[in-house]
Amino acid sequence: MSLTTVRGLKSEIFVPITPSLVWASLDKPLSECTVAFCTAGGVHLKSQKRFNLSGDYSFREIPSDTPASGLMVSHGGFDNSDVNKDINSMFPIDRLHELEQEGFIGKVAPVLFGFMGGGGNVNKFKEETGPAIAQILKREGVDIAVFTGGCGTCHRSATLVQRAVEAVGISTIIIAALPPIAKQQGAPRITAPHVPIGSNAGEPNNIAMQTAILKDTLVQVEEMKTFGQMKTLPYEYRQNV
Amino acid sequence: MSITFETAKQHQNDPAVLCCLRTKGTIISASDLEDPSIFPDLEESGLLNIPEHGLTIGQVLGATLERDADSMTPLTPELVSHISENQMDELESEKITTSPNTGEDPTHETQVIRFNIDKLVGQIELPPGLNVNALPFATTASKKAEDKVIRTLTQRAYPVDQVCVGAETSFQDKVLTIREALCEESLKADPLVKNVELDIIRPEDRHIYSNTIMDVIPIATKVEGILGEGVTHVMNGVIVVLTGVDEKGIQVHEFGSCEGYLDEKIRFGRPGSPDSEDIMIRVNVTVQENTGMERRGPFAAHKACDSIIQEIRDVLKDAPADASTDQKVFRDWKKSGKPRVILVKEIMGQGAMHDNVLLPSEPAGVIGGRRNVDLGNVPVVLSPNEVRDGGIHALTCIGPATKEVTRHYFREPLVNLMAEDEEINLAGVVFIGSPQVNDEKSYVSARLGALAEALDVEGAIVTTEGFGNNHIDFAGNIEQIGRRGIKVVGVSFCAYQGQLVVGNKYMDAMVELNKDPEGFENEILADSTICPTDAERALIMLKTKMAGVPIEPANRKWSQEVIDANEQLMS
Numbered sequence: 001m002s003l004t005t006v007r008g009l010k011s012e013i014f015v016p017i018t019p020s021l022v023w024a025s026l027d028k029p030l031s032e033c034t035v036a037f038c039t040a041g042g043v044h045l046k047s048q049k050r051f052n053l054s055g056d057y058s059f060r061e062i063p064s065d066t067p068a069s070g071l072m073v074s075h076g077g078f079d080n081s082d083v084n085k086d087i088n089s090m091f092p093i094d095r096l097h098e099l100e101q102e103g104f105i106g107k108v109a110p111v112l113f114g115f116m117g118g119g120g121n122v123n124k125f126k127e128e129t130g131p132a133i134a135q136i137l138k139r140e141g142v143d144i145a146v147f148t149g150g151c152g153t154c155h156r157s158a159t160l161v162q163r164a165v166e167a168v169g170i171s172t173i174i175i176a177a178l179p180p181i182a183k184q185q186g187a188p189r190i191t192a193p194h195v196p197i198g199s200n201a202g203e204p205n206n207i208a209m210q211t212a213i214l215k216d217t218l219v220q221v222e223e224m225k226t227f228g229q230m231k232t233l234p235y236e237y238r239q240n241v
Numbered sequence: 001m002s003i004t005f006e007t008a009k010q011h012q013n014d015p016a017v018l019c020c021l022r023t024k025g026t027i028i029s030a031s032d033l034e035d036p037s038i039f040p041d042l043e044e045s046g047l048l049n050i051p052e053h054g055l056t057i058g059q060v061l062g063a064t065l066e067r068d069a070d071s072m073t074p075l076t077p078e079l080v081s082h083i084s085e086n087q088m089d090e091l092e093s094e095k096i097t098t099s100p101n102t103g104e105d106p107t108h109e110t111q112v113i114r115f116n117i118d119k120l121v122g123q124i125e126l127p128p129g130l131n132v133n134a135l136p137f138a139t140t141a142s143k144k145a146e147d148k149v150i151r152t153l154t155q156r157a158y159p160v161d162q163v164c165v166g167a168e169t170s171f172q173d174k175v176l177t178i179r180e181a182l183c184e185e186s187l188k189a190d191p192l193v194k195n196v197e198l199d200i201i202r203p204e205d206r207h208i209y210s211n212t213i214m215d216v217i218p219i220a221t222k223v224e225g226i227l228g229e230g231v232t233h234v235m236n237g238v239i240v241v242l243t244g245v246d247e248k249g250i251q252v253h254e255f256g257s258c259e260g261y262l263d264e265k266i267r268f269g270r271p272g273s274p275d276s277e278d279i280m281i282r283v284n285v286t287v288q289e290n291t292g293m294e295r296r297g298p299f300a301a302h303k304a305c306d307s308i309i310q311e312i313r314d315v316l317k318d319a320p321a322d323a324s325t326d327q328k329v330f331r332d333w334k335k336s337g338k339p340r341v342i343l344v345k346e347i348m349g350q351g352a353m354h355d356n357v358l359l360p361s362e363p364a365g366v367i368g369g370r371r372n373v374d375l376g377n378v379p380v381v382l383s384p385n386e387v388r389d390g391g392i393h394a395l396t397c398i399g400p401a402t403k404e405v406t407r408h409y410f411r412e413p414l415v416n417l418m419a420e421d422e423e424i425n426l427a428g429v430v431f432i433g434s435p436q437v438n439d440e441k442s443y444v445s446a447r448l449g450a451l452a453e454a455l456d457v458e459g460a461i462v463t464t465e466g467f468g469n470n471h472i473d474f475a476g477n478i479e480q481i482g483r484r485g486i487k488v489v490g491v492s493f494c495a496y497q498g499q500l501v502v503g504n505k506y507m508d509a510m511v512e513l514n515k516d517p518e519g520f521e522n523e524i525l526a527d528s529t530i531c532p533t534d535a536e537r538a539l540i541m542l543k544t545k546m547a548g549v550p551i552e553p554a555n556r557k558w559s560q561e562v563i564d565a566n567e568q569l570m571s
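Protein sequence lines correspond, in order, to chains X and A. Following full-length UniProt numbering, the numbering of the first sequence begins with 1 at its first residue and continues without gaps. Following full-length UniProt numbering, the numbering of the second sequence begins with 1 at its first residue and continues without gaps.
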């Protein structure tokens, strides 16, 4: 039995290869650094406008003195059970303040960022959202920006913004639940705890795990010396959905 | 990195570029050349400029380098001599080599010609009376390959002209009546369900506002046998549309939305959507506040809706056979002598509304099935008939243009096309979930590869609904199959908004599902899902790849022209 074939067919979908490198080295100890946190996981103030769940490249400035109880998520790309229990599982704002009090970092940046990267428009994030967030972080004297994604396309959007921030001279790192995406999209530095999408920064209400993930990630900003490095972190959490 | 002779042959019309430093006098072979598949990236980053008068790989093989040249140097007529126009043809002869015979009979010592033959198909006829024991090869008894039917499914169709709400549920003379109290009773299906409403929308009344569509569900029921065999009754001309909201009025189940006017938010006539003449029974469920984006909320809505449909199924079971206007017979085959292939359908398995019920008791039902998230998202094989008999109840319907609803699986064009195709043997339809955790993604992909190997298939088509994190699984699934030497074709919505986030070298024959002019998830229900023309392109691409006919690499950016050109070639 022979097969019907057609000559000249062309594959219809481009398969990507990692983009060019972008790098800003860290030149001071963590204890003197101003640290910002950005998430593509749809976090915002309860008083702010919800994100458009079908694709939204706007962002929300989150004053870092906002209590965790003042925050919420609008995102459909992952099961919301965990972020509904504890926003720190995506956006570890309480952990950041604890690290400042402990002297582990210099201080928390006055403004942090939430955006909804799901289904994100690549060019808008690359050319508008990323550079806009980078300018504000630069103006606020931020030394390190830590990112989380959310869903799959969130990791893409988060990495696009991360690259824009790195490009203005701020050292960045992403805590990736989906490290292959961060890697392929060209994240300068990546840590990868064993966590599900939706609790990218660690198990909800597990302060020890969230702290450890954040601390290890910040240490990696000091230790990683070349573009595109990834470190798997030894913390595992399975969500019981 | 240098390339092999086979790669050079594949790329004989692509530019010839040195992979490494080479000295004057080198007779150029494949091992001196760089892989052309990486040129676009090198050119984009400015590391490589290929001049217009550059030579092709076919021209330089066997030619002589006239001076020392560095790696990444494109070869031009000034750099090489003895250029050939038909070098590849000549090189074919290199594959015929001679060597001394080391056989057992020294008296016949001579030289033999050794051939490398890519493929030998056909049979040798032997004259009657020939002593077959004297032949240098074994013969097998001639056995006529026979196709066998494994199981048969009969679907009896019952047209519905009118649907109304009344005191009792009944189905007679093409009129379906649904008991009014059913909505109230359906609240018992799950405590998270707070309210259920039902209304009937005729085709002429579709300009009506709706909450986001969670699912489109056919009404079908088993009359004889189990799912995939025996007799099923199906209502034609009517379809259930499940919509939902939470107690605070927030749309549930959404990552993208098709909230709005039904006539604007549905691409009628897609395999998964209502047809243009269908009466819609809209079941609108209100779930407990803040559960709309958690796994339990949407599932509760599906259970309530299913309890309503079950009472309709029960009256449909009693419809007399002679009232059916159409009868379709589906067969699962075992086709001897035809290449075995599988269809892999990647489904969502990340929790929330990213889940599916596999193999419910009733076609397209909920009860009796197991959810792929609970099964750990590992691959599960269904027969083509099990799929066509409503073996999948989709709980996922967000990103509405690219997700496959329950009706889609009931009328899946690739399942039908591959099951009925005369040239292949569809061994099964494999459903594999896309887990929430990255480690689990590689775990289930690896099991899929092992399954394909064990099934001993020669080809596979892998499809995925949606886009984003599931593309990690999609790439992983294709890789696990491809690395085992099985020919594989990928099918997905990517276009602009869904462009791949990861990739690998086995993803070289891909079919795009986008139908939106700008390449976006346009929030029109089922718009960019698999249609019959997509299925045809995918299958012909698989057959082409299995036959060893090359498929050209993709352009770097999505363009509709490529898809149109492929369709043109097939017509």
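Some clues are possibly wrong.
So the derived label-pair ranges between C-beta atoms look like this [stated by the list, open to error]:
no.: 1; chain 1: X; residue 1: Lys124; chain 2: A; residue 2: Ser276; range: 46 to 54 Å
no.: 2; chain 1: A; residue 1: Leu375; chain 2: X; residue 2: Thr232; range: 20 to 28 Å
no.: 3; chain 1: A; residue 1: Gln10; chain 2: X; residue 2: Pro63; range: 39 to 47 Å
no.: 4; chain 1: X; residue 1: His194; chain 2: A; residue 2: Pro320; range: 37 to 45 Å
no.: 5; chain 1: X; residue 1: Ala24; chain 2: A; residue 2: Gln568; range: 43 to 51 Å
no.: 6; chain 1: A; residue 1: Lys505; chain 2: X; residue 2: Lys49; range: 38 to 46 Å
no.: 7; chain 1: A; residue 1: Lys188; chain 2: X; residue 2: Gly103; range: 52 to 60 Å
no.: 8; chain 1: X; residue 1: His194; chain 2: A; residue 2: His82; range: 26 to 34 Å
Honestly, the hints are just simulated from the structure, not real lab data. Heads up, the beta-carbon is just placed ideally off N, CA and C, and yes, glycines get one too.
Worksheet item: Do the Cβ positions of Lys188(A) and Gly103(X) conform to the proposed distance bound of 52 to 60 Å?
Response: Once the Cβ atoms are compared, 57 Å apart, the range 52 to 60 Å for Gly103(X) and Lys188(A) holds.
Discussion item. Against the range 20 to 28 Å, how does the distance between the Cβ atoms of Leu375(A) and Thr232(X) compare: consistent or not?
Written reply: 27 Å, holds
Fill in: Whether the CB-CB distance between His194(X) and His82(A) falls inside 26 to 34 Å
58 Å, violated
Item to complete: Starting from the range 38 to 46 Å, see whether the pair Lys505(A) and Lys49(X) falls in it by beta-carbon distance.
Response: 44 Å Cβ-Cβ, so the 38 to 46 Å window holds.
Item to complete: With respect to the beta-carbon atoms only, verify the hint that Gln10(A) and Pro63(X) lie 39 to 47 Å apart.
Response: 58 Å, violated
Worksheet item: Measuring from beta carbon to beta carbon, are Ala24(X) and Gln568(A) in 43 to 51 Å?
Response: Taking Cβ atoms as reference, Ala24(X) and Gln568(A) lie about 49 Å apart, which means the hint holds.
Item to complete: With 37 to 45 Å as the target window, see if His194(X) and Pro320(A) comply at their CB atoms.
Response: 58 Å, violated
Item to complete: Go ahead and decide if the range 46 to 54 Å is satisfied by the Cβ distance of Lys124(X) to Ser276(A).
Response: 36 Å, violated
Hints 1, 3, 4, 8 from the earlier list are contradicted by this structure; the remaining hints agree with it.
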